[in-house]
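S.K.: Sequence:
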Amino acid sequence: LDTAGIVFQAGGFSKTLVPGIRIGYLVAPSQLQERLVATKQTTDILTSPLNQRALHAYLESGHFPIHLETVRNGYRTRRDAMLAAMAQHFPAEARWRCPAGGIYLWVEMPQPGPTATELYLTAINYNVAFSIGSVFSAGGFFAHAMRLNFAGCPPDVIEEGIRRLGKAWKELLARSNAMIEPRPASMHIL
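In our numbering, the protein residues as written are 28 to 217.
Simulated from the structure, these hints should not be mistaken for laboratory data.
Keep in mind the model is a prediction, meaning the values are calculated, not measured.
There may be inaccurate statements among the hints.
[Claimed, not checked] Label pairs and their calculated CB-CB ranges:
{"no.": "1", "residue 1": "L73", "residue 2": "Q115", "range": "42 to 52 Å"}
{"no.": "2", "residue 1": "Q138", "residue 2": "A114", "range": "19 to 29 Å"}
{"no.": "3", "residue 1": "P92", "residue 2": "P118", "range": "38 to 48 Å"}
[Said to hold, decoys possible] Result set (SDA-like, lysine to any residue): computed pairs, CA atoms no more than 20 Å apart in a straight line:
{"no.": "4", "residue 1": "K42", "residue 2": "Y131"}
{"no.": "5", "residue 1": "K194", "residue 2": "L132"}
{"no.": "6", "residue 1": "K194", "residue 2": "A121"}
{"no.": "7", "residue 1": "K42", "residue 2": "A127"}
{"no.": "8", "residue 1": "K67", "residue 2": "F35"}
{"no.": "9", "residue 1": "K197", "residue 2": "P126"}
{"no.": "10", "residue 1": "K42", "residue 2": "T74"}
{"no.": "11", "residue 1": "K42", "residue 2": "T97"}
{"no.": "12", "residue 1": "K194", "residue 2": "I130"}
{"no.": "13", "residue 1": "K197", "residue 2": "A112"}
{"no.": "14", "residue 1": "K194", "residue 2": "A114"}
{"no.": "15", "residue 1": "K42", "residue 2": "D107"}
{"no.": "16", "residue 1": "K42", "residue 2": "G101"}
{"no.": "17", "residue 1": "K67", "residue 2": "N78"}
{"no.": "18", "residue 1": "K67", "residue 2": "F40"}
{"no.": "19", "residue 1": "K67", "residue 2": "Q79"}
{"no.": "20", "residue 1": "K42", "residue 2": "G179"}
{"no.": "21", "residue 1": "K194", "residue 2": "V162"}
{"no.": "22", "residue 1": "K197", "residue 2": "I151"}
{"no.": "23", "residue 1": "K197", "residue 2": "I130"}
{"no.": "24", "residue 1": "K197", "residue 2": "L110"}
{"no.": "25", "residue 1": "K42", "residue 2": "A112"}
{"no.": "26", "residue 1": "K42", "residue 2": "R99"}
{"no.": "27", "residue 1": "K197", "residue 2": "A127"}
{"no.": "28", "residue 1": "K197", "residue 2": "A170"}
{"no.": "29", "residue 1": "K42", "residue 2": "Y102"}
{"no.": "30", "residue 1": "K194", "residue 2": "A127"}
{"no.": "31", "residue 1": "K197", "residue 2": "E186"}
{"no.": "32", "residue 1": "K194", "residue 2": "N204"}
{"no.": "33", "residue 1": "K194", "residue 2": "Y147"}
{"no.": "34", "residue 1": "K42", "residue 2": "I130"}
{"no.": "35", "residue 1": "K67", "residue 2": "Q36"}
{"no.": "36", "residue 1": "K42", "residue 2": "R174"}
{"no.": "37", "residue 1": "K67", "residue 2": "R80"}
{"no.": "38", "residue 1": "K197", "residue 2": "M113"}
{"no.": "39", "residue 1": "K67", "residue 2": "L77"}
{"no.": "40", "residue 1": "K42", "residue 2": "Y153"}
Virtual Cβ for every residue (Gly too), placed ideally from N, Cα, C.
Start from the sequences, fold in the hints, and give me the full structure.
M.R.: Here it is, written out as structure tokens:
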């Protein structure tokens, strides 16, 4: 696909094999590989040779594709549990898409309305947290968005967390709506 020889592919194994292994790979045009290796050697001290050899032996064993399918199935089950819980517990105005891969769901909140920061501050009272969308933008965009991670919890914990988040969201919406309810015509504001 890369006829110009300008595409690089970077990856790692911490989400698929061993959390925290900190061994990655780079697929790059052959004419750049020697310079890339030299650059890597000058920018970090050393990637653990023991970890590299262990990973190499595992990859050579042929077990990684089987393991990867197991991981994918687990992530898919967790993702589907989160999607089902969101459909049940989130306000109807919330928007999201089902990702084909990855470990996160991106949720867009209705605008105008409370921001993700306001929801976060309410949600922590329910012992649930998420990543506020604006932290993923240097320009401060995505104030009405959040990123949810489904990788590390079993489906029952995901369902409970989403139930709590939905409850917090509905509480916040009720408070927001109460603040903007129209006053009776006979009421005078001084």
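S.K.: Work down the list of hints and note, for each, if the structure agrees.
M.R.: To see whether the hints hold, each was checked on the structure:
1. Remark: the range hint 42 to 52 Å for L73 to Q115 is upheld by a beta-carbon distance near 49 Å.
2. One distance hint, 19 to 29 Å for the beta-carbon pair Q138 and A114, holds here, with the actual separation near 21 Å.
3. Between P92 and P118 the C-beta distance comes to about 41 Å, which sits within the given range of 38 to 48 Å.
4. Annotation: proposed proximity of K42 to Y131 holds, straight-line Cα distance about 12 Å (limit 20 Å).
5. Restraint check for K194 and L132: the C-alpha separation of about 19 Å stays at or below 20 Å, so the hint holds.
6. The straight-line distance between the Cα atoms of K194 and A121 is roughly 14 Å, inside the 20 Å bound, and the hint therefore holds.
7. For the hint linking K42 to A127, the alpha-carbon distance of about 16 Å falls within 20 Å, and the restraint holds.
8. As the CA atoms of K67 and F35 are separated by approximately 15 Å, the hinted pair is consistent with the 20 Å bound.
9. A distance of roughly 25 Å separates the Cα atoms of K197 and P126; the hinted pair therefore is violated under the 20 Å criterion.
10. Distance check on the hinted pair: K42 and T74 sit about 18 Å apart at the alpha-carbon level, within 20 Å; holds.
11. For the given pair, K42 sits about 12 Å from T97 by alpha-carbon distance, which is consistent with the 20 Å threshold.
12. Of the pairs offered as hints, the one joining K194 and I130 is violated, with about 23 Å between alpha carbons and a cut-off of 20 Å exceeded.
13. Taking the CA atoms of K197 and A112, the gap is near 15 Å; set against the 20 Å cutoff, the hint holds.
14. Of the supplied pair hints, the one linking K194 and A114 holds, its CA atoms being roughly 13 Å apart against a limit of 20 Å.
15. For the suggested pair K42 and D107, the alpha carbons sit about 18 Å apart, so the restraint of at most 20 Å is met.
16. For the proposed pair K42 and G101, the alpha carbon gap of about 12 Å is at most 20 Å, so the pair holds.
17. As the CA atoms of K67 and N78 are separated by approximately 17 Å, the hinted pair is consistent with the 20 Å bound.
18. A C-alpha spacing of about 18 Å is found between K67 and F40, which places the hinted pair at or below 20 Å, so the restraint holds.
19. As the CA atoms of K67 and Q79 are separated by approximately 15 Å, the hinted pair is consistent with the 20 Å bound.
20. For the given pair, K42 sits about 10 Å from G179 by alpha-carbon distance, which is consistent with the 20 Å threshold.
21. Pair hint K194 plus V162 does not hold up; C-alpha atoms about 24 Å apart against a cutoff of 20 Å.
22. Using a Cα cut-off of 20 Å, the hinted pair K197 and I151 holds, with the two alpha carbons roughly 14 Å apart.
23. The suggested pairing of K197 with I130 is violated, with an alpha-carbon distance near 25 Å, which exceeds 20 Å.
24. In summary, the hint linking K197 to L110 is supported, as the alpha carbons are separated by about 18 Å, within the 20 Å threshold.
25. Proximity of K42 to A112 is assessed by CA-CA distance (about 23 Å); at most 20 Å being required, the pair is judged violated.
26. Distance restraint check for K42 and R99: the Cα-Cα separation of roughly 10 Å lies within the 20 Å cut-off, and the hinted pair is therefore satisfied.
27. This hinted pair does not check out: K197 and A127 have alpha carbons roughly 29 Å apart, beyond 20 Å.
28. Proposed proximity of K197 and A170 is supported: the alpha carbons are some 18 Å apart, at most 20 Å.
29. This hinted pair checks out: K42 and Y102 have alpha carbons roughly 10 Å apart, not beyond 20 Å.
30. Distance restraint check for K194 and A127: the Cα-Cα separation of roughly 28 Å exceeds the 20 Å cut-off, and the hinted pair is therefore not satisfied.
31. Of the pairs offered as hints, the one joining K197 and E186 holds, with about 16 Å between alpha carbons and a cut-off of 20 Å not exceeded.
32. Between the alpha carbons of K194 and N204 the distance comes to roughly 15 Å, so the proposed pair stays at or under 20 Å and holds.
33. Between K194 and Y147 the alpha-carbon distance is near 12 Å, which keeps this suggested pair within the 20 Å criterion.
34. With a CA separation close to 9 Å, the supplied pair K42 and I130 stays within the 20 Å bound.
35. Restraint check for K67 and Q36: satisfied, since their Cα atoms lie roughly 15 Å apart, inside the 20 Å limit.
36. A C-alpha spacing of about 17 Å is found between K42 and R174, which places the hinted pair at or below 20 Å, so the restraint holds.
37. Restraint check: the Cα-Cα separation between K67 and R80 comes to about 18 Å, which is no more than 20 Å; the hinted pair holds.
38. Between K197 and M113 the alpha-carbon distance is near 13 Å, which keeps this suggested pair within the 20 Å criterion.
39. Only pairs whose Cα atoms come within 20 Å are accepted, and K67 paired with L77 is accepted, the gap being roughly 18 Å.
40. For a cut-off of 20 Å, the pair hint linking K42 to Y153 is broken: about 28 Å separates their Cα positions.
Of the numbered hints listed earlier, those contradicted by the structure are 9, 12, 21, 23, 25, 27, 30 and 40.
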